[in-house]
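2 protein chains.
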Amino acid sequence: MTAFSYQLNAREKQARAGTLQTPHGTVHTPVFMPVGTHSAVRTLTWPQVAETGAEIVLSNSYHLYLRPGHELVERAGGLHGWMNWQKPILTDSGGFQVFSLAKHRDITPEGVHFKDVVDGSKHFMGPKESMRIQNALGADIIMAFDECPPGAAEYKYAKESLEITNRWLEICFEHHSRPLDQALFPIVQGSVYEDLRTQSVEFVSQFPAHGFAIGGVSVGETKMQMNQVVSFTAPLLPPDKPRYLMGVGTPEDLLEGIKHGIDMFDCVMPTRVARHGSFFTPYGKKIIRNAEYKEDFAPLVEDCGCYTCRNHSRAYLRHIYRMGETTAATLISIHNIYSLVELAKEARRQILAGTFERFYMQAMARLGMVGNGAPTH
Amino acid sequence: MTAFSYQLNAREKQARAGTLQTPHGTVHTPVFMPVGTHSAVRTLTWPQVAETGAEIVLSNSYHLYLRPGHELVERAGGLHGWMNWQKPILTDSGGFQVFSLAKHRDITPEGVHFKDVVDGSKHFMGPKESMRIQNALGADIIMAFDECPPGAAEYKYAKESLEITNRWLEICFEHHSRPLDQALFPIVQGSVYEDLRTQSVEFVSQFPAHGFAIGGVSVGETKMQMNQVVSFTAPLLPPDKPRYLMGVGTPEDLLEGIKHGIDMFDCVMPTRVARHGSFFTPYGKKIIRNAEYKEDFAPLVEDCGCYTCRNHSRAYLRHIYRMGETTAATLISIHNIYSLVELAKEARRQILAGTFERFYMQAMARLGMVGNGAPTH
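Here the protein sequences come in this chain order: P and H. Using my numbering, you'd call the opening residue of the first sequence number 4 and step up by one each time. Using my numbering, you'd call the opening residue of the second sequence number 4 and step up by one each time.
Keep in mind the hints are simulated off the structure, nothing from the lab. Don't be surprised by glycine CBs; every beta carbon is placed ideally from N, CA and C. One or more hints might be untrue.
[As the list claims (entries may be wrong)] Below, in silico cross-link-like pairs of lysine to any residue (SDA-like), each with a Cα-Cα straight-line distance of 25 Å or less: (1) H/K125 x P/K162; (2) P/K288 x P/T40; (3) H/K297 x P/Y286; (4) P/K297 x H/H126; (5) H/K297 x P/R135; (6) H/K159 x H/G81; (7) H/K297 x P/A368; (8) P/K226 x P/Y286; (9) P/K125 x P/L183; (10) P/K106 x P/G81; (11) H/K288 x H/H178; (12) H/K90 x H/R325; (13) P/K131 x P/A155; (14) H/K131 x H/R275; (15) P/K118 x H/S124; (16) P/K118 x H/R325; (17) H/K297 x P/G123; (18) P/K118 x P/E163; (19) P/K106 x H/K244; (20) P/K162 x P/I174; (21) H/K125 x P/K106; (22) H/K90 x P/K288; (23) P/K118 x P/G84; (24) P/K288 x P/R275; (25) P/K90 x H/A301; (26) H/K297 x P/G327; (27) P/K297 x H/Q231; (28) P/K106 x P/Y160; (29) H/K244 x H/H179; (30) H/K297 x P/I167; (31) H/K90 x P/K106; (32) P/K297 x H/G81; (33) P/K106 x P/G123.
[As the list claims (entries may be wrong)] Here are some chain P residues pointing at chain H (derived, C-beta under 7 Å): (34) H41; (35) G81; (36) H83; (37) N87; (38) Q89; (39) S124; (40) H126.
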């Protein structure tokens, strides 16, 4: 018996509310997943991550494979034991990082030879290796090893890349050794080309997967192109399985994705911008350093339920940020992650109530955006 | 009616267990006070500080006066409201920092002209100004503004400095505007000279203070000299008031101080060394980077009750520390602060049980120390 199941709880046009069962608990979708690249979410402890309301987190196979090594993590009881987060975890395949971070790549039909940029050591990773790594890491959801073309890829390159990705997907399913307690999600590729995206959806839909991802977005194409791809591709996917839009995104990306039927999101952005002092508001990102906050004893966002807003003022956060206290990064990261987690939860409530479309319009207007990701001003 | 009272609960030779009432709650002594220089304890949120068992924290008047300004803190409801820590707080006077951090000092009978090293701005701080600042910050315990000679001060310098400190103490008591809800502690000075320390104790004992501090230690003199000063000075102080040894210290410093009748300690060291990957153990400091911890799934210290030891392994902490995750500094800081807070609490339990002397010997032996701070090897 598999530990996975997905229930579609409600639908409003393309937008969906669902419930995903995993071996480590339930995930209510739409959902935002905070990222712990090196098996820690930047500047946070796990109780702080849990307090944001996060139900599932993401970690990176590429990084964990190189350091500390997937075998060490396995000996520690897998990622759940290693980092002591007992709720659901998703690992990516390493593919995206091999293509974006590694040096001296040499692609073969079996995978990619590459050099670690840190110590220059040589490595090989392909679909087989990725499965071995992800099976050792033991996340609830694992991802297919794909070739990820840049956003501005030529049609020919995108088509050949998709063929490699498809071949590798078969190898992934063949070598996935824990199908009962780890759900392997195929990844739809095809760059910005609708015929390739369609072919890709048709191909991946043949596999007995518990969910599907849309990859090759947020990799250099414009926001308009990205939204085009998402709005075109998502509705083609099997309606009875969750859909994950990889590496996305901002509050407006979440709203846009949810509108088009995406269920799962991840991004390092909330913690990355927090370290630079940016915090999310319903009206867009603001900068805590700004002089206007010097004597502002209001929270980052009025009525925000996050730990930071319930306990600290903009003036205090501005001061400790300026003093170089990393506690400021921690507190703003908590707020930013909470904002995205809560935005997804609010979208879910609106979908269940059948009021998402209106919520979407209002939230986008507040963010200064219109549909398709274009700013109103 | 004053909100302060001190009860001596038990005594074993010079070592004391006491209870100090303050407007923001009870402090059980001996006690270790974590330091939040800029109104935040480095890398921690306040619930994390509270979870270490800390009953009282320290913040620095000098830093808060310069940035964000004591008047802003006052408008935020004082330090308790500003940083949202509702338990007892102690502020130092700014004197030590004026003498150790500021540039272009010019000492007058009324105080010190100095330049801020950050922006070059000119300032003046003396006993009057320090009281105004500390009354605005609103900590439960505030400190007299003193002249703090370096550890290796000449006798003549130390004597003249003490005369200034004494004069300034009178001015502090005259200008302290909140004597009912802020306890002003005089500071015993006199460098390493016993006759000066004796004179200083006699002088400060005339004031209606709720506690007394020993200053001018851990400022460049040897550990032997420091322990000499403490063991000589502490027993001279009024027995019915708490005694605070400023800026101290390490686990062995705490044990040594407690043995000689010190009740309160503070130091930035537990968080500072944590950021460099050092963690306290009963056998001394260890370095988390060490290769020996690579596959070590034990906690930092077996049976340690801190959050970090209850939840994470040395191997995990080593990995995230090496990856540059500040979460590692957070987790090790939690452990280090807990270690000192808990050491003081354990000393209290041992004093109440009449077994402190034996505990002291065993703990010092484990740390590789003998009395007077000399290492055994």
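Tell me, which hint numbers fail for this structure? Violated hints (numbers, rising): 1, 3, 6, 7, 9, 10, 11, 12, 13, 14, 15, 19, 21, 22, 23, 26, 27, 30, 31, 35, 36, 38, 39 and 40; every other hint is consistent with the structure.
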